[in-house]
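Visitor: Order-wise, the sequence lines are chains A and B.
Here the numbering used here is used: the first residue of the first sequence is 1, the next is one more, and so on.
Here the numbering used here is used: the first residue of the second sequence is 333, the next is one more, and so on.
Calculated directly from the structure, the hints in this document are not laboratory data.
Just to be clear, a hint being listed does not mean it is correct.
Pairs of lysine-lysine, DSS-like flavour, derived with a Cα cap of 30 Å [to be verified]: (1) B:362 / A:264; (2) A:304 / B:578; (3) A:152 / B:589; (4) B:596 / A:304; (5) A:276 / B:454; (6) A:318 / B:365; (7) B:450 / A:276; (8) A:276 / B:362; (9) A:211 / B:597; (10) B:482 / A:276; (11) B:482 / A:16; (12) B:596 / A:264; (13) A:284 / B:535; (14) B:589 / A:264; (15) B:482 / B:450; (16) B:596 / A:152; (17) B:536 / A:284; (18) B:596 / A:211; (19) B:597 / A:318; (20) B:597 / A:276.
Cβ pair distances, simulated, as ranges [to be verified]: (21) A:134 / B:350: 54 to 60 Å; (22) B:616 / A:289: 40 to 46 Å; (23) A:122 / B:333: 57 to 63 Å; (24) A:161 / B:641: 46 to 52 Å; (25) A:34 / B:333: 56 to 62 Å; (26) A:140 / B:391: 51 to 57 Å; (27) B:467 / A:284: 40 to 46 Å; (28) B:391 / A:311: 33 to 39 Å; (29) A:165 / B:452: 53 to 59 Å; (30) B:457 / A:284: 29 to 35 Å; (31) A:195 / B:632: 31 to 37 Å; (32) A:322 / B:476: 55 to 61 Å; (33) A:129 / B:483: 14 to 20 Å; (34) B:391 / A:120: 31 to 37 Å.
Each residue gets a CB set at the ideal place from its N, CA and C atoms; glycine is no exception.
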Amino acid sequence: MTDILKVLQVSKNFVKPIDIASKVVNMFGNFYNQEVVHAVDNVSFNVTSGEVVGVVGESGCGKSTLGRMIAGILPLTSGKLDFHDQHYSGFDEGNYKHNSHIDLKIQMIFQDPFSSLNPRQKIIDIISEAPIHHKLISKKDKKYFVKDILNKVGLGTDAMDRFPHQFSGGQRQRIGIARALAVSPEFIVCDESIAALDVSIQAQVINLFLKLRQDLNLTYLFISHDIGVIQHIADRVVVMYLGQIVETASSDEIFSHPNHPYTKALLEGVPTLDTKKKIYTPIKGEIPSPINPPSGCYFHPRCKFSTNKCITDKPSYKEVSPNHFSACHLNS
Amino acid sequence: METILEIKNLKTHFFTKAGLIKAVDDISFKIKKGEIVGLVGESGSGKSITGFSIIGLIDAPGRIVSGSINFKNEPLLNASSNRMQSLRGNRLAMIFQDPMMTLNPVLRIDTQMIETIKAHDKNISNQEAFRRCRDTLGLVGISSPEERMKAYPHQFSGGMRQRVCIAIAMLNKPDLIIADEPTTALDVTIQGQVIYEMQELCKKTGTALLWITHDLAVVAGIASKICVMYAGRIVEQGSVDDIINKPMHPYTIGLIKSVPSQNKKGEPLHQIEGMVPSMLELPIGCAFHDRCTKTIEKCKIEKPIETNQSDSRVIRCFNFKDIRK
Ligand SMILES: Nc1ncnc2c1ncn2[C@@H]1O[C@H](COP(=O)(O)OP(=O)(O)OP(=O)(O)O)[C@@H](O)[C@H]1O
Ligand SMILES: Nc1ncnc2c1ncn2[C@@H]1O[C@H](COP(=O)(O)OP(=O)(O)OP(=O)(O)O)[C@@H](O)[C@H]1O
Ligand SMILES: [Mg+2]
Ligand SMILES: [Mg+2]
């Protein structure tokens, strides 16, 4: 199996401009610096062709930022992204050069299907805009082409001449998927793509993702806070905490033998359709701020196994069993 | 056990410019003292409006058009607004999906909490009120509550704000708390904490809980009874065990089958076909009939009435007997 995507020591910082209050304080001698958010911090992993990689973690841990960098819509602060061993990422906004061939091969599907669809465009134009612009199809093939794509995502031909507001949430999400598929991508980043859908519609869209993967040999990076969904569709799972990867393993392995205390707590918290009265033993404390992350292991203030070493030293990211990596001092 | 809340044939309708929306349409259920009841349904099915109807917060163009709500044997629908005010926040509390519907952004947490106590107990001393606030915040898992109480809402994270709201709802040890998706916006890690704390608090204080959610799994582990709503109606209600393990209504059956863990990993999920209908254009007959696998002719013409299977088990479906076989 070949690696389709290589993520090498990728980081992203956001600089928060100082607010007025701090500026005033600065005038009186105290000094407030600009705040830097380490949204994604030295992340590396590979994705093999045809694989579904799930990304999980609490809100603000950097999942969307990572997804947007991989999709080529956000420049990196440092690190490198390779697609089929071809380098395609840039560093600062000014020098950010699109490799448009690779750009098309990696598409992103967003959480809110409505806000990403132009309300004044008919579905036929929404779907055919990018392929015509990139000269993948000619204008006269448009109708036939769109019909075929709508078919793939389970919408009828009659959808072509309608506007986005004339569809239900699940149907709009299908239109978003159709638009992404129109440029024949190989790799799709799904960022919370089913979260906004009604429960009875979610299964329809998940099934569509599974079917397209088979029919079109797609590779997915699937970002979701719904761990049940990740368990169902992912081959491999990446667990993030405060911008870093704390654990990676095959889905079967991580759900049966989670190694990192954070992963364990994350999986334990998931409600299941089990009517036995559950006693939750929740993780204590709040998610720390990525502006001032804790010392040592970022998880130590909330970890019940925390030792002195965890407070001072950063744990290294080690292979704990074949292809199962975890960053925890308990492993040494 | 004593019944705390009894709703009978409640109808809350909205008379909008676009047309009539029967947001809550003939629902009946009971909550006993100290009981946790889950109210489950998709977006727009009428869950929040059920909650708002109970605490008397329905505004124009909405109106409760018929039915009754009895709270500790007191009919609420004809109660004066003064009476409702004195029940709210005291015997009857609601936690909203958005914590900022409860919290005032320009007041310190301690001010807001002490106010809640004093509004219903004029004679309590400041010290005593303060102590009660501090202890309740401790109960919902806020560390060093004494310091934190001096903060303003925006200085708290989303999860902490929601816990403050839960503490405020608990302050006067009400008989019933209506919790409207209190954990939906929270991370699973924090959600687990909040569910756990609520459950403990109910056990300790004998408070009953109406837990509104779109996620069956959230209430499966804590509720003793579940009501499933679809398009303004309760289509099935029963003990949590009956609903999760022996569902009878085709909609409930479909929902449970579509949960990923009920399916083989990687295989297509069971799916309910079609889409959620618009409340303005509900299908004639049973609102679920055009998505249902068990539809018979009658379902397309007539609305199914409630059938009692046992004391606690009620179903609205013409064709459910066949499903059980
Ligand atoms: N444009 C931006 N400017 C400044 N900070 C940002 C920006 N985008 C994201 N951040 C910060 O970077 C961190 C990671 O954000 P990100 O959106 O990637 O998280 P996430 O894991 O996707 O969270 P969620 O589950 O809530 O979607 C957060 O602290 C966020 O506040
Ligand atoms: N003020 C209002 N005016 C008109 N219609 C309303 C109003 N409030 C609610 N509705 C309608 O009543 C129906 C039920 O709404 P409700 O808020 O109870 O849904 P819900 O089950 O709580 O959904 P969600 O899960 O999205 O919160 C919806 O169709 C909604 O559009
Ligand atoms: Mg995100
Ligand atoms: Mg609601």
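Visitor: Kindly indicate which numbered hints from before are broken by the structure, ordering the numbers from low to high.
Guide: As far as the earlier hints go, 1, 2, 4, 5, 6, 7, 10, 21, 22, 27, 28, 29, 32 and 33 are violated by this structure, in ascending order.
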